[in-house]
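*Asks:* The primary structure of each chain is shown beneath.
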Amino acid sequence: MKHAGFIYGSYALTFGAVVVYAVRIKARARKLAKDLAPKDQRWM
Amino acid sequence: MWGDAALVAAKDLRLELRSRVVTNQIAPVAVVVLMLFGFGLDADVGVLQKVTPGLYWVTVLLMALLAIGRSVDAEATAGARDMLRLSGLDPAAIFLGKAAALVAQLLVLEAMLLMGVSLFFHATIKGYVLVFVAGLLGTVGLASIGTLYGALTGGTDSKQTLLPLLFLPAVAPVLLGAVRAFEGAFGTNPHPDDGWPWVRLLGVVAIVYTAVGTLAYGPLLEGSDPA
Amino acid sequence: MNSPVPEKFAGTSASRSTQVLGAVAIVGLALVTFLGLAATGEDQDQKNYYRIMYVHVPSAWLAYTCFGICALASAMYLYKKTQWWDLVAGASAEIGVLFTGLALATGMLWGKVTWGAYWRWDARLTFTALMFVMFLGYVTMRRMPAPFEVRAKRAAITGLIGVVNVPIVHFSVNWWRTLHQQATVLRPDTDVKIDGLMLFTLLLSFAVFHVLYVWLMIHRFRLGYLEDQVESHGLERAIAERQAEARGPVPVGAGQGSGQ
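Protein chains in written order, with numbering that gives the first Met the number 0: chain A, 0 to 43; chain B, 0 to 226; chain C, 0 to 259.
Keep in mind that the hints were calculated from the coordinates and are not lab data. One or more hints might be untrue.
[Claimed, not checked] With a straight-line cut-off of 20 angstroms between C-alpha atoms, the simulated SDA-like cross-links for lysine to any residue are:
hint	chain 1	residue 1	chain 2	residue 2
1	C	Lys111	A	Gly8
2	A	Lys25	C	Lys111
3	A	Lys25	A	Gly15
4	A	Lys30	C	Lys111
Excised from the complex, chain A in its bound form (with noise of 0.2 angstroms):
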């Protein structure tokens, strides 16, 4: 396929930064949820 790299380097760049971002939130309220009490951890 021509330009090969850049037809998969935007399906990578769209997932990876896609996973990256919700690594990062998930970690961070995993970070915070230990400062809390359970029932101040979630709004429902």
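Place chains B and C on chain A using the hints.
*Replies:* Frame of chain A; chains B and C shown alone:
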């Protein structure tokens, strides 16, 4: 409301007349910026002439940032915002007054800059009416957007960096419209139109943001000082 | 307000619903990747590089959704003054930054192949870059240190002003680039002859990206809630410590270790 607005504008202008920050500090900075453009473009008068409208408005934007910072600082001391809020003045009038004072100061600055570009860049104005109308409408747009974002970021630690981040993308239409209009007025227009169509864009921006600021300033002042 | 959270989700921002949504999103993205990279045929003019569109276009659309939800939530905050709407606006804007950035990056990759340069003063590319900076400004201003009501109100007003900014910037950039550059603005992507499977892939991708958005929103919302909670509880704790200090000599180690 108009009386209140005049009161606030007079207060800000009196502050400026006493401190002379715009004329004694910001205006010289603007001149230096023009000279820096000359250095950066290797004093090539042909190039400078061609890009004068762009350089002119980029300089105006940067100087507007400084002037907005000054305008916001007028209420920066602890409680000054609350005093303004409790003064019984209509918030819409406060917004209009502060924006009007900013327009007056920026117009002085822009007149000086016009002399600067004709001196340094050998720019010649062909359409005085267009320069005046586009300059006025563009300035009203800048002042409204600036007063609004100045109030939104005012009193915070990061206001010096936050204001440009919010202000500059929002004034992109002003820059586009004003530069295209000035290209028409300076006769450097590479495009087929004479610059007047862009005045409409400047007019729309000026009207829309003056309206938005007038509406938003009330709820904004209610929030009191963050400090 | 706090219904009991199942044991295995305690201390996380996950729940049964996010697990299901997450699984749907992963399967959907795998399907989009398969259809986009393998199953769909070549375009007549664009050969293979139009395949970038299956991730680029949904990113751009999703960015608009994020922006719209942020503006709506901002308006709702000013109306209702509840933390919920403030958190929704913030979460949506942050995800908007991500997807505007991705639309910009994939647009530039597509541009490199199509135009031979990563950047051209194309109306849409220029507008996307400006929108990215505007979103970034909003998200940055949300981080300013201020009491909740002040910060939330200012953020909400900024979010609402975006409703004015975005169309005006969009219109002016468009006018600027198309009025004068009609002949040189290339629009090959609109010339793609879309067949059934291509259209299906694009619509599927659009749907999957929005499922992903909901998943991210739930997690980001819960994170935002935790941040607010820690902030307010941290303040309570600091005041309690200060009061304990004022009452008399503090034994070594007191005031620490709570909730650690």
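*Asks:* For every hint, state whether the structure bears it out.
*Replies:* Tested hints:
1. C/Lys111 <-> A/Gly8: holds, 12 angstroms
2. A/Lys25 <-> C/Lys111: This hinted pair is violated, its Cα atoms lying about 34 angstroms apart.
3. A/Lys25 <-> A/Gly15: Holds, because 15 angstroms separates the two Cα atoms, which is no more than 20 angstroms.
4. A/Lys30 <-> C/Lys111: violated, 41 angstroms
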